[in-house]
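Let the hints inform the model, and build the full structure from the sequences given.
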Amino acid sequence: MEINNSKAKRITWWQKNQVKISPWIFLAPGLIFFSIYVIAPIFVSIGISFYQWDGLSPSIYVGLQNYIELLDDEYFYISLWNNLKWLIFFMLAVPIGLGLAIFLNQIVFGIRLIKSLFFFPFVISQVVIGLIFTWFYQPNYGVIAPFLNLIGLEGFSILANENTATYGIIFAGLYPQIAYCLILYLTGLNNINPEQIEAGRMDGAKGFHLFWNIVLPQLRHATFLAIVVTVIGALRSFDMVAIMTQGGPYGYSNVLAYYMFEQALSEYGYRMGYGSAIATVLFTIMMFYILFFIYRMYRNEREDNN
Amino acid sequence: MFPTPIHQRPIVNQYIYKIFLPISLIIWLIPIFGILMTSIRGLGDITAGNMWGTPSEFLLFSNLYDVFTNTPMIKYTLNSFKVTIPTMLGAVALSCMTGFALANYKFKTNLIIFFIFIAGNFVPFQILMIPVRDLTFKIGLYNTITGLVLFHVAFQTGFCTLFMRNFIKALPQELIEAARMDGASEFKIFWRIILPLTRPAIAALCVLIFTFIWNDYFWATVLIQGDHAMPITAGLKSLNGQWITAYHLLSTGSIVAAIPPVIMFFLMQKHFIAGLTLGATKG
Numbered sequence: 000m001e002i003n004n005s006k007a008k009r010i011t012w013w014q015k016n017q018v019k020i021s022p023w024i025f026l027a028p029g030l031i032f033f034s035i036y037v038i039a040p041i042f043v044s045i046g047i048s049f050y051q052w053d054g055l056s057p058s059i060y061v062g063l064q065n066y067i068e069l070l071d072d073e074y075f076y077i078s079l080w081n082n083l084k085w086l087i088f089f090m091l092a093v094p095i096g097l098g099l100a101i102f103l104n105q106i107v108f109g110i111r112l113i114k115s116l117f118f119f120p121f122v123i124s125q126v127v128i129g130l131i132f133t134w135f136y137q138p139n140y141g142v143i144a145p146f147l148n149l150i151g152l153e154g155f156s157i158l159a160n161e162n163t164a165t166y167g168i169i170f171a172g173l174y175p176q177i178a179y180c181l182i183l184y185l186t187g188l189n190n191i192n193p194e195q196i197e198a199g200r201m202d203g204a205k206g207f208h209l210f211w212n213i214v215l216p217q218l219r220h221a222t223f224l225a226i227v228v229t230v231i232g233a234l235r236s237f238d239m240v241a242i243m244t245q246g247g248p249y250g251y252s253n254v255l256a257y258y259m260f261e262q263a264l265s266e267y268g269y270r271m272g273y274g275s276a277i278a279t280v281l282f283t284i285m286m287f288y289i290l291f292f293i294y295r296m297y298r299n300e301r302e303d304n305n
Numbered sequence: 000m001f002p003t004p005i006h007q008r009p010i011v012n013q014y015i016y017k018i019f020l021p022i023s024l025i026i027w028l029i030p031i032f033g034i035l036m037t038s039i040r041g042l043g044d045i046t047a048g049n050m051w052g053t054p055s056e057f058l059l060f061s062n063l064y065d066v067f068t069n070t071p072m073i074k075y076t077l078n079s080f081k082v083t084i085p086t087m088l089g090a091v092a093l094s095c096m097t098g099f100a101l102a103n104y105k106f107k108t109n110l111i112i113f114f115i116f117i118a119g120n121f122v123p124f125q126i127l128m129i130p131v132r133d134l135t136f137k138i139g140l141y142n143t144i145t146g147l148v149l150f151h152v153a154f155q156t157g158f159c160t161l162f163m164r165n166f167i168k169a170l171p172q173e174l175i176e177a178a179r180m181d182g183a184s185e186f187k188i189f190w191r192i193i194l195p196l197t198r199p200a201i202a203a204l205c206v207l208i209f210t211f212i213w214n215d216y217f218w219a220t221v222l223i224q225g226d227h228a229m230p231i232t233a234g235l236k237s238l239n240g241q242w243i244t245a246y247h248l249l250s251t252g253s254i255v256a257a258i259p260p261v262i263m264f265f266l267m268q269k270h271f272i273a274g275l276t277l278g279a280t281k282g
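Chains R and W supply the protein sequences, listed in that same order.
At position 37 of the first sequence (counting the first as 1) the number is 36 in numbering that gives the first Met the number 0, and the numbers step up by one without a gap.
At position 69 of the second sequence (counting the first as 1) the number is 68 in numbering that gives the first Met the number 0, and the numbers step up by one without a gap.
Since the hints were derived computationally from the structure, they do not count as laboratory data.
Please note that the accuracy of each hint is not assured.
What the hints assert, rightly or not - DEER-style ranges, computed between Cβ atoms:
#, chain 1, residue 1, chain 2, residue 2, range
1, R, Ile87, W, Asn69, 42 to 48 Å
2, R, Asn299, W, Pro9, 39 to 45 Å
3, W, Ile22, R, Phe146, 14 to 20 Å
4, R, Asn299, W, Asn69, 52 to 58 Å
5, R, Pro145, W, Pro2, 50 to 56 Å
6, R, Arg295, W, Gln224, 39 to 45 Å
7, W, Asn69, R, Pro248, 28 to 34 Å
Note that CB positions come from ideal geometry on N, CA and C, so glycine has one too.
Now the structure itself:
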């Protein structure tokens, strides 16, 4: 009896608390993994940014020295400025994607295939896109060489010129990013409430007016998402720079993401502390967008619960 | 429907649209045509600057042969699969559980944990680079496929959790309540009720993760050195340094690298698009 009793008790205890404990059992593997590889490293990196460290010998605490050095580092400013250019011009992917989506949102023969073909630069590796465009830009053998000759810029190398290199990379980066925004907007247009559109048309709304006042507000989820992924893409831009110019010429097409890598891991040196300081700056910039995104999600969650 | 369906427009507009549609597609795909054409050419065409004219020789197969026999391309491709598939399985398995936990249970820190997953998913890679590389060194997995997979699984869990949690949250709650009333254990609810219903979400995540990881370049350079474990993106970059102006080989190699995700995309397009938009349409 005694044994049975305690067994019964144990089952009731488990039954009682099952709902409380289960979420933690389900969360544990993912959360532990994520904490070790993603959350903890953020703080470790911020910590390293206060040290001087080559990755091997013992690190030396230097306080804010790395950040002070950053303030005087010409290449840091060039990279920061280039990130700003990325942020501004990469944004073109959003309206272009929207325009293309409106253009393609028709039912004609073969449109499904055509849409897929418009999407698919997005699934190709940025390494491949970067290689293709590098070759396009080649002054002598490149695809655009004939056009350059036409406008009297014979032998002009877009990626070797300090004024044009960044724009050349951004242009290449836009190719998959436009496809991404196109996907988001086509889905958005698909989910639009047709009754509102018809009602608008009844009221005599046409063309741009209809688009601006009735369609665009309904696309705000797609727009929000397109802006978020484009901003993140612009700040994360690494692959394209690494493939196309490696920050050159003389650092003029560098961005923070690549400059950090260069300082911390490349043949230019193993300056882990300094690299971490650059990463921390980039992280801080990104954090504004992340918090904005989370704030919006939080608002939606509250609306859902009410 | 917006814009006005084209068949409701004047016939002239319809024709204009039908002419412009293929033209715009051709312009859009110029970069792709570029590498396709070049992968057919031989070195002669390249040095002669014949980029857009008819190829003077058809050398696609010889180029493929060159790429596969004279370079570690086969090894790179295999490595990419060895990184991509376990990551896909691992991240999906972990996020099914985390997504279920966050969607179905009310507890104080629920939203905070959810937001931590989301925020982590958006951080710049550089803030993780040094500690992750260090950690991978310390556990003896630097320069191994396992080391790369472990990081990818952990990182992708962030995005997958966001996706899974929203998907499971949108499922009818009555199902779970009814099962609980019948005395089903929480694990049984997860395994028997939720998991079968999340199949479309799992499919969408698999396609997305496959593409993301296949195309990863950054972590492949940070955690891998040397051909034995190098995936195709990093391999292509290192071959680029050796080939210099052998654009016909470069194009052929690029095509090889692009084919798996492209096939995946065309086969699973519906899931792919659902994945890209569904996971965050709630945002």
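Quick check: does the Cβ-Cβ distance between Ile87/R and Asn69/W fall within 42 to 48 Å?
Holds - the Cβ-Cβ distance for Ile87/R and Asn69/W, about 43 Å, lies within 42 to 48 Å.
For the range 39 to 45 Å, tell me whether the beta carbons of Asn299/R and Pro9/W fit it or not.
43 Å Cβ-Cβ, so the 39 to 45 Å window holds.
Look at the Cβ atoms of Arg295/R and Gln224/W and judge whether their distance stays inside 39 to 45 Å.
holds (41 Å)
Between Asn299/R and Asn69/W, is the Cβ distance one that fits in 52 to 58 Å?
Roughly 54 Å apart at Cβ, these two residues keep to the hinted range, so it holds.
Can the suggested window of 14 to 20 Å be confirmed for the beta-carbon pair Ile22/W and Phe146/R?
With Cβ atoms ~18 Å apart, the hint holds.
Using the Cβ atoms, figure out if Asn69/W sits within 28 to 34 Å of Pro248/R.
holds (32 Å)
Check the following: the C-beta atoms of Pro145/R and Pro2/W are separated by a distance inside 50 to 56 Å.
violated (36 Å)
Hint 5 from the list above is the single one not met by this structure.
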